[in-house]
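Working from the sequences, and respecting the hints, build out all of it.
So the sequence lines, in the order shown, correspond to chains A and B. Position one of the first sequence corresponds to residue 60 (the numbering used here), numbered consecutively onward. Position one of the second sequence corresponds to residue 682 (the numbering used here), numbered consecutively onward.
What the hints contain is simulated information worked out from the structure, not anything from laboratory work. Please note: incorrect hints may appear among the correct ones.
To be verified - With a straight-line Cα cutoff of 27 Å, these simulated DSSO-like cross-link-like pairs (lysine-lysine) come out:
no.	chain 1	residue 1	chain 2	residue 2
1	A	Lys217	B	Lys817
2	A	Lys89	A	Lys62
3	B	Lys825	B	Lys790
4	A	Lys251	B	Lys825
5	A	Lys143	B	Lys808
6	B	Lys802	A	Lys147
7	B	Lys790	B	Lys769
8	B	Lys828	A	Lys251
9	A	Lys217	A	Lys295
10	A	Lys89	A	Lys340
11	B	Lys802	B	Lys772
12	A	Lys72	B	Lys825
13	B	Lys772	B	Lys790
14	A	Lys217	B	Lys825
15	A	Lys143	B	Lys825
16	A	Lys217	A	Lys251
17	B	Lys790	A	Lys147
18	A	Lys87	A	Lys72
19	A	Lys143	B	Lys802
20	A	Lys72	A	Lys251
21	A	Lys62	A	Lys147
22	A	Lys217	B	Lys828
Said to hold, decoys possible - Computed footprint of chain B on chain A, listed as stretches where at least three residues anywhere in the stretch have a Cβ under 8 Å from a Cβ of chain B:
no.	segment
23	138-152
24	183-196
25	271-281
Every residue, glycine too, gets a C-beta built ideally from N, C-alpha and C.
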Amino acid sequence: MPKSLISIHDFSKDEMLHILDVASEMEKNKSQKILEGKVVACLFFEPSTRTRLSFETAANRLGARVIGFSDVDNTSISKGESLKDTIKMVSNYVDIIIMRHPLEGAARYASEVSNLPVVNAGDGANQHPSQTLLDMYSIRQSQGRLEGLTINMVGDLKYGRTVHSLLQAMSHFDPSFVFTAPAELQMPGEYKQFLAERGISYRETTSLNEHLDDCDILYMTRVQQERFSDPMEYEKVKDVYRLDASMLGGVRSNMKILHPLPRINEIAQDVDDTPYAYYFKQAENGMYVRMAIIACLLGYR
Amino acid sequence: MKTTARQLIVNAIENGTVLDHIPSENLFKVVEILNLAECGHQITIGSNLESKSFGRKGIIKIADRYFENDELNRIALVAPQATINIIKDYKVVEKHKITIPEEVVGIGKCANPMCVTNHQKIATRFKTIVESDGIKLLCHYCEKTTKIINLQP
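Structural data, given as structure tokens:
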């Protein structure tokens, strides 16, 4: 097991599966005081609600105490303290560091500066590995397996880091992909080449209806306004896909809809009550997976 | 005494290292990467010289100085075709090509404006990826690739 979780590429297939197995143990026993007396730092240099709260809850459920900050305004960083100095200082206080930072590569750098395990809770548009692991956990839980599934990724496939990491992680499990995206937001060539080199098939479409009925996982994403420099470009694509319950008449009975959340308009509320909605369960799973990540990196599992 | 058929534009050195076949446009990048500005030895530099295979080339002759291979391979990014000649008593006693290192540290700037190395005092670190259309650098930190054209030492 690597010391830190920075990028999904740092974990082998077996290591990923180990985290998923520990997460399912955590789900069965949601409060385990195995980290009594430990202190976890949650350093959020960029705001986040879901990720921060689920990491903090995970640490609490394991019996650890949590310190940290949720924005940099009231810290020495606003006085110009370097990332290195902040990490060095915190490393003297705690047992593990969980951090989100707007700069790409910040978590990797922190893991080199610190002697402690570091968990990357998002570094700009680069990596968000705990999201990838909880996506995999939700796929395995809802389908009973990871192997041989058809995964339809919908929305912003160009800038969406979650789809890129999930694609790479799932490449270990003989998947086939559908990429549903408007022309402006298609899956970048480097990822298609990655799949081609591994003999993994993919189909591309601009129509959400085209492959709704022949996939096992419908992975919806939000078009993120902050990734667009041109507001007109954003307006053109922001509401391009809207899934509602009436479109789900012919889908496979095992099909499940995932979404990293928050959603804006891409999934109508009437989908929530269908048996295909899985995104709230997925968000809940985030907590178990993060409990597993913390426990594994501290050597308790 | 016989005269050599070809006159040397840059004077020969008795002992030392000759770096030949450097692209002219990257000549001074090589000077910078090898930190030759701080080198106390006699150095002669030729730029925009005619070359049969390259059109125009640069050459650097450093008297009485020999480099470690690791040190010289650092110039692979800007002069992948360079040849290294070790000179002893006016003769080439050893001649070899640059090999592209798997990883380069402290050379070049990541092209990603959001990369942490462009905002904090961090030495850049790249994995080299050799492709048919040139060398690409995979940033150890932000995991983005930079084309060699963007390399600014």
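Quick rundown of the hints versus the structure:
no.	hint	in the structure
1	A/Lys217 x B/Lys817	holds, 21 Å
2	A/Lys89 x A/Lys62	holds, 24 Å
3	B/Lys825 x B/Lys790	holds, 12 Å
4	A/Lys251 x B/Lys825	holds, 16 Å
5	A/Lys143 x B/Lys808	holds, 23 Å
6	B/Lys802 x A/Lys147	holds, 15 Å
7	B/Lys790 x B/Lys769	violated, 37 Å
8	B/Lys828 x A/Lys251	holds, 19 Å
9	A/Lys217 x A/Lys295	holds, 15 Å
10	A/Lys89 x A/Lys340	holds, 15 Å
11	B/Lys802 x B/Lys772	violated, 44 Å
12	A/Lys72 x B/Lys825	holds, 23 Å
13	B/Lys772 x B/Lys790	violated, 38 Å
14	A/Lys217 x B/Lys825	holds, 14 Å
15	A/Lys143 x B/Lys825	holds, 22 Å
16	A/Lys217 x A/Lys251	holds, 12 Å
17	B/Lys790 x A/Lys147	holds, 25 Å
18	A/Lys87 x A/Lys72	holds, 23 Å
19	A/Lys143 x B/Lys802	holds, 9 Å
20	A/Lys72 x A/Lys251	holds, 20 Å
21	A/Lys62 x A/Lys147	holds, 17 Å
22	A/Lys217 x B/Lys828	holds, 20 Å
23	138-152	holds (count 3)
24	183-196	holds (count 4)
25	271-281	violated (count 0)
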